[in-house]
Amino acid sequence: MKFLVCISNVPDTTTKITFTPDNKEFNKAGVQFVINPWDEYALTRAIELKEAQGGGTVTVLNVGEADTEPNIRKALAIGADDAIRVNAHPKDAFFVAKQIAAIAKDGGYDVILMGKESIDYNGFQVHGMVGELLGIPTVAPAMKLDMNGNTATLEREIEGGKEIVEVNTPFVASCQQPMCEPRIPNMRGIMTARTKPLKVVEPTADAPRTEVDHFALPPAKQGVKLIPAENAGELIKLLRNEAKVI
Amino acid sequence: MSVLVVVECDGGEVKKSSLEVASYASQVAQMLGTTATAVAVGEATEANLAKLGEQGIGKVLYDSEPRLKDFVNGAYTKLIAAAAQQEDAKVIVLANSNIGAAVGSRLSIRLEASLATNVVELPKTDGGKFVVKRGAFSGKAFADVELESDRKIIAVKKNSIEALHEDGKTAPVESFSAQLTDADFADAPKEVIMQDQAGGVLLPEADLVVSGGRGMKGPENWNLIEDLAKALGAATACSKPVSDVDWRPHHEHVGQTGITVSPNLYIACGISGAIQHLAGVNSSKVIVVINKDPEAPFFKAADYGIVGDVFDVLPKLTEAVKQLN
Numbered sequence: 008m009k010f011l012v013c014i015s016n017v018p019d020t021t022t023k024i025t026f027t028p029d030n031k032e033f034n035k036a037g038v039q040f041v042i043n044p045w046d047e048y049a050l051t052r053a054i055e056l057k058e059a060q061g062g063g064t065v066t067v068l069n070v071g072e073a074d075t076e077p078n079i080r081k082a083l084a085i086g087a088d089d090a091i092r093v094n095a096h097p098k099d100a101f102f103v104a105k106q107i108a109a110i111a112k113d114g115g116y117d118v119i120l121m122g123k124e125s126i127d128y129n130g131f132q133v134h135g136m137v138g139e140l141l142g143i144p145t146v147a148p149a150m151k152l153d154m155n156g157n158t159a160t161l162e163r164e165i166e167g168g169k170e171i172v173e174v175n176t177p178f179v180a181s182c183q184q185p186m187c188e189p190r191i192p193n194m195r196g197i198m199t200a201r202t203k204p205l206k207v208v209e210p211t212a213d214a215p216r217t218e219v220d221h222f223a224l225p226p227a228k229q230g231v232k233l234i235p236a237e238n239a240g241e242l243i244k245l246l247r248n249e250a251k252v253i
Numbered sequence: 002m003s004v005l006v007v008v009e010c011d012g013g014e015v016k017k018s019s020l021e022v023a024s025y026a027s028q029v030a031q032m033l034g035t036t037a038t039a040v041a042v043g044e045a046t047e048a049n050l051a052k053l054g055e056q057g058i059g060k061v062l063y064d065s066e067p068r069l070k071d072f073v074n075g076a077y078t079k080l081i082a083a084a085a086q087q088e089d090a091k092v093i094v095l096a097n098s099n100i101g102a103a104v105g106s107r108l109s110i111r112l113e114a115s116l117a118t119n120v121v122e123l124p125k126t127d128g129g130k131f132v133v134k135r136g137a138f139s140g141k142a143f144a145d146v147e148l149e150s151d152r153k154i155i156a157v158k159k160n161s162i163e164a165l166h167e168d169g170k171t172a173p174v175e176s177f178s179a180q181l182t183d184a185d186f187a188d189a190p191k192e193v194i195m196q197d198q199a200g201g202v203l204l205p206e207a208d209l210v211v212s213g214g215r216g217m218k219g220p221e222n223w224n225l226i227e228d229l230a231k232a233l234g235a236a237t238a239c240s241k242p243v244s245d246v247d248w249r250p251h252h253e254h255v256g257q258t259g260i261t262v263s264p265n266l267y268i269a270c271g272i273s274g275a276i277q278h279l280a281g282v283n284s285s286k287v288i289v290v291i292n293k294d295p296e297a298p299f300f301k302a303a304d305y306g307i308v309g310d311v312f313d314v315l316p317k318l319t320e321a322v323k324q325l326n
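Note that the protein sequences, when read in sequence, are chains A and B. Take the first sequence: its letter number 132 is residue 139 in the working numbering, and every next letter is one higher. Take the second sequence: its letter number 313 is residue 314 in the working numbering, and every next letter is one higher.
In short, the hints are calculated from the structure, not lab data. Honestly, I wouldn't trust all of these hints.
To be verified - Straight-line alpha carbon distances no greater than 30 Å define the calculated BS3-like cross-link-like pairs of lysine-lysine that follow: (1) A:228 - A:203; (2) B:17 - A:31; (3) A:232 - B:317; (4) B:91 - B:125; (5) A:232 - B:286; (6) B:286 - B:17; (7) A:98 - B:91; (8) A:23 - B:301; (9) B:323 - B:17; (10) A:228 - B:141; (11) B:293 - B:323; (12) A:244 - B:323; (13) A:244 - B:231; (14) A:251 - B:293; (15) B:125 - A:228; (16) B:301 - B:286; (17) A:203 - A:98; (18) B:91 - A:251; (19) B:125 - B:286; (20) B:231 - B:301; (21) B:17 - B:125; (22) A:112 - B:170; (23) A:31 - B:141; (24) A:244 - A:35; (25) A:251 - B:301; (26) A:151 - B:323; (27) A:9 - A:112.
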């Protein structure tokens, strides 16, 4: 079975967010980039399923410029077999979905996995766009994925519960915990990753449909009002009479 | 030309988040000089749908096909696309829920629309542009995004828009059929399992949230969190380390890689406030932090704080709420 796992390159979860002086772009200076944490669930689960099937391939796909390659190599070190990088700045979700759909169409993949959303743009859009572009089902967000032949059983999170969904390949799923325990690369993986194929392809001519006008940081908090622990009940009065939230 | 809003219903009632998106849609319609039509999904009653008039909705479309009671991605997408075509909808508004994201992303391709999720404000339409403000970087920033396509789809984040209430106003409910076939239900769920939520308040819909971290020392002490939540009518939540060690179920995990919540009140008990946790809660209107460590970083993000032992403070708070009621 052929798995395609889409990863994005995002600032580490502890990053303090700042922007370029014109507020048009995220300020990358001095920032550590990682594989999007949600995508790690997709990657590890694809590798686990391939291992359980005793064959097949896991291809990782990233839409990004050359600076994303260290994290693509990391995905190879975790256990993907080969990689494709679409050489473009990921302009918006539609643009990225178009690139993924083009690669998926050519590659004949059975299962297309990605994280629920990227922790930088938080779009939670690409999965459905790819599914619709390819005319195949999407399951999002998926908390569990098992394969039996060409049939997948997934748990899909809904507000306040979950659905059990069965789909046949090919399909798209966007993954989140508790799907699996994301793996970290071991020494052997890091060594073999250096020689695994990483193909660079040029993007399609599609234009994005949205454009960031500017970024802004949330307004700073006024400062905390401390209530002495021995007088804790006072807090409840403040929440009712001052903050008016209860 | 019109504005179409998707309202999610459950057990006959319109969800609170959908009252907010209905209010959002009717205000967008007013800005654009048109009217807002709702299309209802899930289990609804005609009487409750008619009450969407209170949120400024002009009419409601409802397909009573019984298989639409549960979420089915294919069928919901086709239904909403058909409604958008019939109403010539230029703007489609959904809740930024798991349903909204699953349907909205597919619709954006089918209807050749620009899509913005996680939207927190009404659009700005100066200079012929259509710009929405949305949360980005996991709640650590906002982005003003221009939607360039002729048609626009907007998924509105919960609790960012005040629901309108014009008492007694009703909207006509029209039956609507998207001519759905068996093929549209191919991805229907085999089974739907709802959580047994303590106190009956679901975290993603909750206005008030009481949350516990490692400072609670063990799952056996969660009665203190649950007692306060019950007295307040709040939902319970937890930090990532707590769900990682299975003290609490994953669906209670709030943070960057868990659920993002934006309630009116978030009470954090024994949570230090790692940046990843703050990302999931910092759009809450009021944050209360209870921690015995005065240096806990969470105090910097809080509106109210108590430096003290959660085991001592929580029972006092529960008692104070009971007296207030």
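Structure-based check of each hint:
1. Between residue 228 of chain A and residue 203 of chain A the alpha-carbon distance is near 48 Å, which puts this suggested pair outside the 30 Å criterion.
2. A distance of roughly 34 Å separates the Cα atoms of residue 17 of chain B and residue 31 of chain A; the hinted pair therefore is violated under the 30 Å criterion.
3. For the hint linking residue 232 of chain A to residue 317 of chain B, the alpha-carbon distance of about 18 Å falls within 30 Å, and the restraint holds.
4. At most 30 Å may separate the alpha-carbon atoms for a hinted pair to count; residue 91 of chain B and residue 125 of chain B meet this at roughly 15 Å.
5. A distance of roughly 15 Å separates the Cα atoms of residue 232 of chain A and residue 286 of chain B; the hinted pair therefore holds under the 30 Å criterion.
6. Among the hinted pairs, residue 286 of chain B with residue 17 of chain B is consistent with the structure: their alpha-carbon atoms are about 17 Å apart, no more than 30 Å.
7. For the hint linking residue 98 of chain A to residue 91 of chain B, the alpha-carbon distance of about 23 Å falls within 30 Å, and the restraint holds.
8. Taking the CA atoms of residue 23 of chain A and residue 301 of chain B, the gap is about 15 Å. The hint holds against a cut of 30 Å.
9. Between residue 323 of chain B and residue 17 of chain B the alpha-carbon distance is near 26 Å, which keeps this suggested pair within the 30 Å criterion.
10. Distance check on the hinted pair: residue 228 of chain A and residue 141 of chain B sit about 13 Å apart at the alpha-carbon level, within 30 Å; holds.
11. Restraint check for residue 293 of chain B and residue 323 of chain B: the C-alpha separation of about 24 Å stays at or below 30 Å, so the hint holds.
12. A hinted pair counts as satisfied when its Cα atoms are at most 30 Å apart, and residue 244 of chain A with residue 323 of chain B qualifies at roughly 12 Å.
13. In summary, the hint linking residue 244 of chain A to residue 231 of chain B is supported, as the alpha carbons are separated by about 17 Å, within the 30 Å threshold.
14. For the proposed pair residue 251 of chain A and residue 293 of chain B, the alpha carbon gap of about 26 Å is at most 30 Å, so the pair holds.
15. Restraint check: the Cα-Cα separation between residue 125 of chain B and residue 228 of chain A comes to about 25 Å, which is no more than 30 Å; the hinted pair holds.
16. Restraint check: the Cα-Cα separation between residue 301 of chain B and residue 286 of chain B comes to about 15 Å, which is no more than 30 Å; the hinted pair holds.
17. At roughly 28 Å between alpha-carbon atoms, residue 203 of chain A and residue 98 of chain A fall within 30 Å of each other, so this suggested pair holds.
18. Taken as a hint, the residue 91 of chain B and residue 251 of chain A pair is broken in the structure, with Cα atoms around 38 Å apart against an allowance of 30 Å.
19. Simply put, residue 125 of chain B and residue 286 of chain B have alpha-carbon atoms about 23 Å apart, close enough for the 30 Å limit, and the pair holds.
20. Among the hinted pairs, residue 231 of chain B with residue 301 of chain B is consistent with the structure: their alpha-carbon atoms are about 27 Å apart, no more than 30 Å.
21. Using a Cα cut-off of 30 Å, the hinted pair residue 17 of chain B and residue 125 of chain B holds, with the two alpha carbons roughly 25 Å apart.
22. The suggested pairing of residue 112 of chain A with residue 170 of chain B is violated, with an alpha-carbon distance near 51 Å, which exceeds 30 Å.
23. Distance check on the hinted pair: residue 31 of chain A and residue 141 of chain B sit about 16 Å apart at the alpha-carbon level, within 30 Å; holds.
24. Note on residue 244 of chain A and residue 35 of chain A: the hinted pairing is violated, with a Cα-Cα distance of about 45 Å set against a maximum of 30 Å.
25. Of the supplied pair hints, the one linking residue 251 of chain A and residue 301 of chain B holds, its CA atoms being roughly 21 Å apart against a limit of 30 Å.
26. A hinted pair counts as satisfied when its Cα atoms are at most 30 Å apart, and residue 151 of chain A with residue 323 of chain B does not qualify at roughly 41 Å.
27. Taken as a hint, the residue 9 of chain A and residue 112 of chain A pair is honoured in the structure, with Cα atoms around 13 Å apart against an allowance of 30 Å.
Checked against the numbered hints given earlier, the structure breaks hints 1, 2, 18, 22, 24, 26 and satisfies all the rest.
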